[in-house]
Amino acid sequence: MSEFATIDLVPTEPVKAESPLAMCRVDVITEPKAQSAGVVVREHAFLGHLVLRGNAGDAGFVNGVEQALGVPLPLKMGPLSVDEARGVSLQWISPDEWLIIVPGGEAFAAEQRLRETLGGHFAVMNVSGGQTVLELSGPAVPEMLMKCTPYDVHPNHFPVGKGVSTTFAKTTAIIRRLDEDRWALVIRRSFADYLYRWLLDASEEFGVHVAR
Amino acid sequence: MQHYSGFELVKHGLSHHENWQRVWRNPEPRSQYDIIIVGGGGHGLATAYYLAKEHGITNVAVVEKGWLGGGNTARNTTIVRSNYLWDEAAWLYEHAMKLWEGLSQDLNYNVMFSQRGVMNLGHTLQDMRDINRRVNANRLNGIDGEVLDVKQIQEIVPLMDCSRNTRYPVLGASWQPRAGVARHDAVAWGFARAADALGVHLLQRTEVTGIRTSGGKVLGVETSRGFIGAKTVGVVTAGNSGVLAKMAGIRLPIESHPLQALVSEPMKPVLDTVVMSNHVHGYISQSDKGDLVIGAGIDGYNGYGQRGSYPTIEHTLQAIVELFPAFSRVRMNRQWGGIVDTTPDACPIISATPVGGLFFNCGWGTGGFKATPGSGNVFAATLANGKAHPLAAPFSIDRFISGKLIDEHGAAGVAH
Amino acid sequence: MLHIYCPHCEEYREEEEFRPKGEAHIARPQNPEETSDEEWGDYLFFRKNPRGAHHEQWYHAAGCRKFFNVTRDTVSYEILETYKVGELPTIDDTSRRAAK
Chain A
1 MSEFATIDLV PTEPVKAESP LAMCRVDVIT EPKAQSAGVV VREHAFLGHL VLRGNAGDAG
61 FVNGVEQALG VPLPLKMGPL SVDEARGVSL QWISPDEWLI IVPGGEAFAA EQRLRETLGG
121 HFAVMNVSGG QTVLELSGPA VPEMLMKCTP YDVHPNHFPV GKGVSTTFAK TTAIIRRLDE
181 DRWALVIRRS FADYLYRWLL DASEEFGVHV AR
Chain B
1 MQHYSGFELV KHGLSHHENW QRVWRNPEPR SQYDIIIVGG GGHGLATAYY LAKEHGITNV
61 AVVEKGWLGG GNTARNTTIV RSNYLWDEAA WLYEHAMKLW EGLSQDLNYN VMFSQRGVMN
121 LGHTLQDMRD INRRVNANRL NGIDGEVLDV KQIQEIVPLM DCSRNTRYPV LGASWQPRAG
181 VARHDAVAWG FARAADALGV HLLQRTEVTG IRTSGGKVLG VETSRGFIGA KTVGVVTAGN
241 SGVLAKMAGI RLPIESHPLQ ALVSEPMKPV LDTVVMSNHV HGYISQSDKG DLVIGAGIDG
301 YNGYGQRGSY PTIEHTLQAI VELFPAFSRV RMNRQWGGIV DTTPDACPII SATPVGGLFF
361 NCGWGTGGFK ATPGSGNVFA ATLANGKAHP LAAPFSIDRF ISGKLIDEHG AAGVAH
Chain C
1 MLHIYCPHCE EYREEEEFRP KGEAHIARPQ NPEETSDEEW GDYLFFRKNP RGAHHEQWYH
61 AAGCRKFFNV TRDTVSYEIL ETYKVGELPT IDDTSRRAAK
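Chains as they are written, first to last, in the UniProt record's numbering: chain A, 1 to 212; chain B, 1 to 416; chain C, 1 to 100.
Calculated directly from the structure, the hints in this document are not laboratory data.
Mixed in with the good hints there might be a few duds.
What the hints assert, rightly or not - The list that follows gives simulated cross-link-like pairs (lysine to aspartate or glutamate, EDC-like), each with its CA atoms no further than 16 Å apart: (1) A:Lys76 <-> A:Glu97; (2) A:Lys170 <-> C:Glu14; (3) B:Lys387 <-> B:Asp398; (4) C:Lys48 <-> C:Asp93; (5) A:Lys162 <-> A:Glu135; (6) C:Lys66 <-> C:Glu78; (7) C:Lys84 <-> C:Glu11; (8) B:Lys246 <-> C:Asp93; (9) A:Lys76 <-> C:Glu10; (10) A:Lys162 <-> C:Asp93; (11) C:Lys84 <-> A:Glu135; (12) A:Lys147 <-> C:Glu14; (13) C:Lys66 <-> A:Glu135; (14) A:Lys162 <-> C:Glu56.
Given these sequences and hints, build the entire structure.
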């Protein structure tokens, strides 16, 4: 257990939480039903996001992360470590950096488990307020993504379970392929409004439905 | 030299314009010159012209590996202005501006210098503070400049979107009415013709392959047409300056980058001034042919390839379309790149070197065209006297050792 | 458009994801206080700027956010190799001439 002052960022008093998209006004015409839409956009707001830094060459660190989170630490770019049932995912961002996403309200517990398990030189930061997740589904998602990113989203190059950090509409986003038809974007708060409106605008030609 | 005039035009019309004299000769190189200029672009040709005209030194050769004005002179976006922030730079570019104002008459060649004004847009409060500061500095140096508000901008450029709805709303601009554009090819040809008439040898397709020195002094240049001797050699080779420096065994604080530009299909007149925006990275004017002439920022990597990458062009066109939504359907005709020699402080190097008799005039980066006559004028004086012209003195290479930089990144343009 | 192999992501990525960061392998003088003005100026400002193979730093800004090194031809823009910071290049103009 590292000696480190920690704080649960979720307030104990009831405070109205707002997603980065709360104030977003969109003027595209959306499809009333998901079935008729080429792209369905659904925000997964208020998930717990943690950035983990550490030494991938240290077996204690690698094993400790798996012990604390229940999923193995990915050691190279691409394949995500996911426990879909528990809603936990772990993504390689850089040789010494990972993104952990846990269900809403569980970030502090996950952080504490990591601090209890890990020793030595590492860092874990709660960035839940700094980003949000958009799930994309529907037959036209790959085509729509091609308008937004230079990254190759062809199934041969982007298999299920892959996650990459890349350029998206001139800013950056993490793109993930959850299964055959579902994708997700992890976007930053400061770009959320811009990217959300970009996304809906880019999807409009395929028919876009915003699921709540 | 055959004098160009309206009367001559009518006279030659009678013989179907078939008897015009060749504009310049194509001489065989002598074995020895008083001064050799390496590089036959605008700056090199202007240097040769002023050497002959103002210093009476006519035993001069301009050595060019390709054809005259075929490098950056043919590849720039022809903007001329002198609204630089720091005194040293402002004086140098204003010296050039004063020469521009009489250049067509001086050369007896129409360089199509059009003082249609240059506008530098501000999109943030900090932009506006910088603009105010720069315009004040310009006026203290006797250079014309005004700060425009949005209403005044809209009167000059009605087509531009100055609404609050744009991503980077226009808050104001600096405005230099005496600034403008000139015809880039005509500048090279005008200087070449006038220099040739005064006896200067223009040696095209003569590539310098080495610089011969002895005892720390320059003896001449090895070329693809043999050795040519001279006790004074001035190198004016822009993007290739580093290559020439290597031949002489010296290092320069210069990195060569691709700088791209593009022109659209010709259109009816819609834009009668030059609009630049450092903030959104784009600048635009309309040529006399009707093409929109659009400039981009440099590509960040070093490159001698005379081409850059598409993201840079895309970025620039996004900025242009943001400012001028009406241009969104204009088709682009051509796109190209030049090699710009950028220095750490975005100011040129006009300097002696550790090699006696060897001088460099380089590092003009993205803004060399506007300085063409001024650069040639002060470099000619530097070569003729063997010591820096007072306006050139602050631009010595020594400033990168002493630390007395002239930081013009703010005013030097969109590209740095 | 350059297609750059990131040695950390182990994948080719588009140029837009990267930022060029200038000449690589420039060593900061060990004792700045004892360094002459010439040496310090040389360290800060003077660059090789070669026409040919160039060793330069790139930053994977939109990806792993790591610096790495690239050997690239500054005329053809061909990328000859990429390697991690701390490693040394295996290609330069001399080795390329020898390989021909």
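Results for each hint:
1. A hinted pair counts as satisfied when its Cα atoms are at most 16 Å apart, and Lys76 of chain A with Glu97 of chain A qualifies at roughly 11 Å.
2. Between Lys170 of chain A and Glu14 of chain C the CA atoms are separated by roughly 12 Å; this keeps the pair inside 16 Å, and the hint holds.
3. For the proposed pair Lys387 of chain B and Asp398 of chain B, the alpha carbon gap of about 14 Å is at most 16 Å, so the pair holds.
4. With a CA separation close to 13 Å, the supplied pair Lys48 of chain C and Asp93 of chain C stays within the 16 Å bound.
5. Under the criterion of a C-alpha separation no larger than 16 Å, the hint pairing Lys162 of chain A with Glu135 of chain A is consistent with the structure, at around 14 Å.
6. Between the alpha carbons of Lys66 of chain C and Glu78 of chain C the distance comes to roughly 21 Å, so the proposed pair goes past 16 Å and is violated.
7. As the CA atoms of Lys84 of chain C and Glu11 of chain C are separated by approximately 14 Å, the hinted pair is consistent with the 16 Å bound.
8. Taking the CA atoms of Lys246 of chain B and Asp93 of chain C, the gap is about 15 Å. The hint holds against a cut of 16 Å.
9. Annotation: proposed proximity of Lys76 of chain A to Glu10 of chain C holds, straight-line Cα distance about 8 Å (limit 16 Å).
10. Taking the CA atoms of Lys162 of chain A and Asp93 of chain C, the gap is near 39 Å; set against the 16 Å cutoff, the hint is violated.
11. Among the hinted pairs, Lys84 of chain C with Glu135 of chain A is inconsistent with the structure: their alpha-carbon atoms are about 35 Å apart, more than 16 Å.
12. For the given pair, Lys147 of chain A sits about 15 Å from Glu14 of chain C by alpha-carbon distance, which is consistent with the 16 Å threshold.
13. As the CA atoms of Lys66 of chain C and Glu135 of chain A are separated by approximately 28 Å, the hinted pair breaks the 16 Å bound.
14. For a cut-off of 16 Å, the pair hint linking Lys162 of chain A to Glu56 of chain C is broken: about 30 Å separates their Cα positions.
Checked against the numbered hints listed earlier, the structure breaks hints 6, 10, 11, 13, 14; every other hint is satisfied.
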